[in-house]
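Trainee: For reference, the chains in residue letters:
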Amino acid sequence: MSLLKINGLTQQFGGLTAVSDFSTEFQGNELMGLIGPNGAGKTTVFNIVSGFYKPTQGKILFEEKPINGLKPHRVTAMGIARTFQNIRLWHDMSLLDNILISQHYNLGYNLFDLFVRNRRYIENEKRMRNIAMQLLEQLDLVQFMDEKPKNLPYGIQRKIEIARALSVKPSLLLLDEPAAGLNSSDVQELIKLIGWIHKEFKISIWMIEHQMAVVMSLCSWIQVIDFGKTIAQGTPEQIQNNPAVIKAYLGDDQI
Amino acid sequence: MKKFSVPALLAIIAAGTVIAAHFELIDLYVQTVIMFIGVNIILSSSFNIINGYMGEFACGHAGFMAVGAYVTSVLNIMFFTSSKSFGDPILSPELALWFFPVTMILGGIAAAFTGLLVAIPSFKTRDDYLAIITLAANFILVSLFINMDSVGGSRGLMGMKQIVFAMEDVAFIPWMLIWTFLFTFSTVFIIRRFVSSTYGKGIIAIHQDEIAAEIMSVNTNKMKLVAFMLSSGLAGIAGGLFAHILGYINPNSFNILKSTECLVMVYLGGMGSLSGSVIAAIIFTLLIEGLRFIIPAMDTLIHFIPLVPDTFHLSQVLKWVIIPLILVILMQFRPEGIMGNRELSDFFPKLKRYYEFK
Ligand SMILES: Nc1ncnc2c1ncn2[C@@H]1O[C@H](COP(=O)(O)OP(=O)(O)O)[C@@H](O)[C@H]1O
Ligand SMILES: [Mg+2]
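Quick note, the sequences are listed as chains A and B, same order.
Here the first sequence is numbered in this note's numbering, starting from 1 and rising by one per residue.
Here the second sequence is numbered in this note's numbering, starting from 1 and rising by one per residue.
There could be a bad hint or two in this list.
Below, simulated DSSO-like cross-link-like pairs (lysine-lysine); rule was C-alpha separation at most 27 Å, straight line [what the hints assert, rightly or not]:
1. B:K3 x A:K229
2. A:K59 x B:K124
3. A:K126 x B:K350
4. A:K148 x B:K2
5. A:K126 x B:K2
6. B:K3 x A:K126
7. B:K352 x A:K126
8. A:K229 x A:K54
9. A:K126 x B:K124
10. A:K54 x A:K126
11. A:K202 x A:K126
12. A:K71 x A:K202
13. A:K71 x A:K54
14. A:K150 x A:K202
15. B:K222 x A:K169
16. B:K124 x A:K71
Derived from the structure by calculation, the hints contain no laboratory data.
Could you put the whole structure together from the sequences, leaning on the hints where they help?
Mentor: The structure is reproduced here in structure tokens:
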């Protein structure tokens, strides 16, 4: 059984074909990279998989079930979590609340329970708090739990966004340029963190990244797209030496 | 025990007021002002759900108040009084007392469902466009009642005093004061529980980043539905109280001017601050009532120092200059309102020892 299977995905915006005939497959527990020049359509692929866009064409199966057309919150509830190229935390509430609210897929109580504050409400609030606290401990973020993300360093914010994505217990984690805007020591931390998450949580990770150091040291398989089309895929060594990739990144005259 | 201090104090204030009213230690006018404070607390705190916590700009709150006012009033008149339009009472008038909370809640439910008029468009529309829709909803609801002759059309609806008398016939105590206290406390309690739960915080997440909310498994459409229905339902409760406190309603009591009052209260108190909404409702009501005395006094003053011709008079219409002016001044000098998005307990952390809102 495959975890995620994408077949012939095409996305058009008016006349522009942002993604064209894109296919890929995850068996579970891989760490794959998606790279390509700016505007190649990488984020668009993530936006389609997470339910923000309905693809013009193509099929997406997650754990053998079709997910095209599902709303993002439903896709997340099924086990695909993601982060954004530009951090999207709830900046004006505490880190703990950021994690708690992400438990909406699994509240375990309804409005009535909430208004009467019955046992079901109290127990589920406690359960969600425990989940959040456990995760913050695992990721060494407990000391920030009452802080608002906007007051924390950028590197920590990136980490928090990943923590928040993990809080929905995903089986597939999509990271959109997690190293963007980080300094070199933060990037080293991030590489360690992603590698550790991959081992510790035993999940599949799919990563868009511009910094080759990150992709080459983490990913076992890399797919390269340019103008929406897949131009190469393979192991980091194969990609590094692929003439089509070098051409896409550096332009014709460089060769 | 300490943690019951604040609730106990509130209960004593409420009971004290009711007893004082019963023994005519406070006159009818003061009682009415106290009840209007209650109505305004319900209006501002329920409006804050949308404009404060969820961060949308709605501006038609009075429309939902109208629905609650009319539905509760018509049900009460139909069931418990004899009237020209609705004939003999269906049930015995003594029962009015027991059914009053029921008809109030039915009015609230009806208002909650008219909230769908705004909630459903809010799935796809936001900001200025949603503001225009809420404005339109306010107009639609007011026009609806103006054109419904069976409930008095533009002349308005009377007979709610009969209901109050029917309740007082059962036991001669200030019932409306009691109901106002009960519904006001319950409203604040319900909203407090809602926005402090993980469920309710979903609307704060929508405010701060709707896309992040949706991706982190918050069903944003459902949350908007819940927020708008809760907000408009509570506005309906305020309407039901308002109708029975005055004993008379008219569609134009619920027009855009009333909605503007709600806006002033929310922004005065601070968006996303429940204690701010309560404080603002108290200050605002006292200010408006104060103007009843201040405006004639100013009028006398400017004629005393003959500043203006004798034929010129300051009227109560000046209120409608002063209220929007407060909004202008507020936005200029303290756009976050009295409390910002903080609560009283954030300013006075020790306060937390004296209550336990759970
Ligand atoms: N919602 C949209 N509407 C129109 N064009 C879009 C939209 N989203 C992305 N695009 C276009 O699709 C192309 C791919 O964008 P994107 O996926 O963000 O690239 P990247 O690979 O840098 O992440 C770009 O040309 C972009 O302008
Ligand atoms: Mg991108």
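Trainee: Would you mind marking each hint as holding or not holding in the structure?
Mentor: Results for each hint:
1. B:K3 x A:K229: The hint is violated at about 65 Å.
2. A:K59 x B:K124: Between A:K59 and B:K124 the Cα gap is close to 26 Å, so the pair holds against 27 Å.
3. A:K126 x B:K350: Since the Cα atoms of A:K126 and B:K350 sit roughly 25 Å apart, the hinted pair holds (cutoff 27 Å).
4. A:K148 x B:K2: 31 Å, violated
5. A:K126 x B:K2: 25 Å, holds
6. B:K3 x A:K126: Given pair B:K3, A:K126 holds - Cα atoms ~22 Å apart, limit 27 Å.
7. B:K352 x A:K126: Holds. B:K352 to A:K126 sits at ~21 Å (cutoff 27 Å).
8. A:K229 x A:K54: Holds, because 18 Å separates the two Cα atoms, which is no more than 27 Å.
9. A:K126 x B:K124: 34 Å, violated
10. A:K54 x A:K126: Violated. A:K54 to A:K126 sits at ~37 Å, over the 27 Å cutoff.
11. A:K202 x A:K126: Holds - the C-alpha atoms of A:K126 and A:K202 are around 26 Å apart, at most 27 Å.
12. A:K71 x A:K202: Cα-Cα ~26 Å, so holds.
13. A:K71 x A:K54: The hint holds at about 9 Å.
14. A:K150 x A:K202: 30 Å, violated
15. B:K222 x A:K169: Roughly 22 Å between the alpha carbons, so the hint for B:K222 and A:K169 holds.
16. B:K124 x A:K71: Satisfied, since the Cα-Cα distance of roughly 14 Å is no more than 27 Å.
Going down the numbered hints, you'll see the structure goes against 1, 4, 9, 10, 14, while the others check out.
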